[in-house]
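For the protein sequence lines, the chains are A and B, in the order given.
Residue numbering for the first sequence follows the UniProt record's numbering, starting at 1 and increasing by one per position.
Residue numbering for the second sequence follows the UniProt record's numbering, starting at 1 and increasing by one per position.
Please keep in mind that the hints were generated in silico from the structure rather than gathered at the bench.
On a predicted model such as this, the values are computed, not experimentally measured, just so you know.
Do not take every clue at face value.
Just so you know, same-sequence chains aren't split out, so a pair can sit in one copy or run between any two.
[Claimed, not checked] In silico DSS-like pairs for lysine-lysine, Cα to Cα no more than 27 Å straight-line:
no., residue 1, residue 2
1, 12, 196
2, 5, 196
3, 225, 5
4, 12, 147
5, 233, 12
6, 53, 12
7, 225, 53
8, 233, 147
9, 196, 147
10, 233, 196
11, 53, 196
12, 225, 147
There are 2 protein chains.
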Amino acid sequence: MESIKNRRTIRKYTSQDIPDSLLNELLEEAFRAPTMGNMQLYSVIVTRDSARKERIAPFHFNQPMVTSAPVVLTFCADFNRFCQWCRQRNANPGYDNFLSFLNAASDTLLVTQNFCTLAEAAGLGTCYLGTTLYSAGGLIEALELPKLVVPIATITVGYPDECPAQPERLPIEGLIHQETYRAYGEQDIDRIYAEKEAMPENRHFVEVNRTENLAQVFTDYRYTKAANEEISKVLLETLRQQGFLD
Amino acid sequence: MESIKNRRTIRKYTSQDIPDSLLNELLEEAFRAPTMGNMQLYSVIVTRDSARKERIAPFHFNQPMVTSAPVVLTFCADFNRFCQWCRQRNANPGYDNFLSFLNAASDTLLVTQNFCTLAEAAGLGTCYLGTTLYSAGGLIEALELPKLVVPIATITVGYPDECPAQPERLPIEGLIHQETYRAYGEQDIDRIYAEKEAMPENRHFVEVNRTENLAQVFTDYRYTKAANEEISKVLLETLRQQGFLD
């Protein structure tokens, strides 16, 4: 499928708006994704209002796409709607637990990816913001999410105003295992990461960060142990507050 | 996109095999999905061997697709490969925590959905098994997954030998919120679930289970509080064993 094969993240958009009719059509098709027991454990929050984009931007580390994209979509794991239905039918819902959170989050991510595929095939550009889980608590407040609803993924969408180079990917032999997981030897790792490490832009990152190599750019600057541990703590607390953990 | 719009889960497959070349091509394209910091935090285990299918079938509640499909794919969250690269480069990886698990699981699910889209567009049928997280520990053993690797999603794939009716979906107005989450009133819930509750096959489930209504089929039979709580406990313990929780 050409649109998937040629896919790249789009961070700059033209001023052209996305009509509600198109957006709803794409979402409706996206909702065809597989879903646990056909429970559809997700909700999508559509942000078009500039003031609200300004409000959520800091939770996405003020990445400029949040305020410049015509539409920001927050895909949320949602057991609230389902539980409300259960209670209204005199059924006793038991979905305030960790498994249910992961089931809802899975449903949500399948729909998110389906939406991106459909949007891109329709000529739109998307950017997946990896920041959503980092600031889940702030987004819950800004988007007024009730208990049993947790934001999982945020996508900015608009008509592309750039065509960046496609990022490299690891060779597939490094990602696929036949029958059982094949432990990686030292030479396997060297081979799998060789092309990535040799890319001019990755060498540039090493230079500007003054690290010994690319791996240290990740561990020492981009995704540090201290930040990951702190955010993990906050995230578990958020899941507790939203009712998904004891 | 017609293949997404007309999508249905396929559980019966012809005896036609899927060549490795096609499978690898589809996976390579699927790996174009967005990934956190381009870290590609996933691995795919390909199961073709009958004996191994028999071995993992019980972890999927012996659903017949596992042994009858030519290919079973287990998509795993994988921080093992990345951490091994870091250690080999004298970088100190800090990815043995809950946030990193969710980041890797997100990467994994985006690739899983991308694969399903591509496979279906190529004329294959897929079934997403919602059982993977239920039996993660057993699958870890059977597929020999090391620490920092957790199975997230399993897909059976083959050439379709059935064309079942497309399952219903909730009306999109029940799933989309403008700007902020709109609390559901009692009448909203009745309206959103009306079509689902009226479907003959859903009425049939109510009848055979002798419940008052469809919601009780979910809470009392399909996804019970007791089972969810028990599995949540085991799953958290599995994450701990795999090194993603303190």
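If the cut is 27 Å between Cα atoms, do residue 233 and residue 196 qualify within a copy, between copies, both or neither?
Intra 32 Å, inter 39 Å, cutoff 27 Å: neither.
Tell me, please, which holds for residue 225 and residue 53 at an alpha-carbon limit of 27 Å: within, between, both or neither?
The answer is neither: 30 Å in one copy and 38 Å across copies each exceed 27 Å.
Up to 27 Å CA-CA - residue 196 versus residue 53, copy category
Cα proximity of residue 53 and residue 196: none, with 35 Å in one copy and 35 Å across.
Is the C-alpha distance from residue 5 to residue 196 at most 27 Å within one copy, between copies, in both cases, or in neither?
Answer is within: at 19 Å inside a copy they meet the 27 Å cutoff, but 36 Å across does not.
Intra/inter-copy verdict for residue 196 and residue 147 if alpha-carbon distance must be at most 27 Å
between (42 Å within a copy, 24 Å between copies)
For residue 53 vs residue 12, is the C-alpha pair at or below 27 Å within one copy, between two copies, both, or neither?
Intra 16 Å, inter 46 Å, cutoff 27 Å: intra-copy only.
Checking residue 233 and residue 12: alpha-carbon separation at most 27 Å within a copy, between copies, both or neither?
Neither way: residue 233 and residue 12 sit 33 Å apart in one copy and 44 Å across, limit 27 Å.
How do residue 233 and residue 147 come out at 27 Å by Cα distance, when the copy is not named: within, between, both, or neither?
both (19 Å within a copy, 21 Å between copies)
For residue 225 vs residue 5, is the C-alpha pair at or below 27 Å within one copy, between two copies, both, or neither?
neither (33 Å within a copy, 42 Å between copies)
Quick one: residue 12 to residue 147, C-alpha cut-off 27 Å, is that within a copy, between copies, both, or neither?
neither (34 Å within a copy, 39 Å between copies)
How would you label the pair residue 225, residue 147 (within, between, both, or neither) given a Cα cut-off of 27 Å?
Between. Shortest inter-copy distance 17 Å satisfies the 27 Å Cα cut-off; intra-copy 29 Å does not.
How would you classify residue 12 and residue 196 at a CA-CA limit of 27 Å: within, between, both, or neither?
within (25 Å within a copy, 40 Å between copies)
The structure fails to meet hints 3, 4, 5, 7, 10, 11 from the earlier list, while all remaining hints are met.
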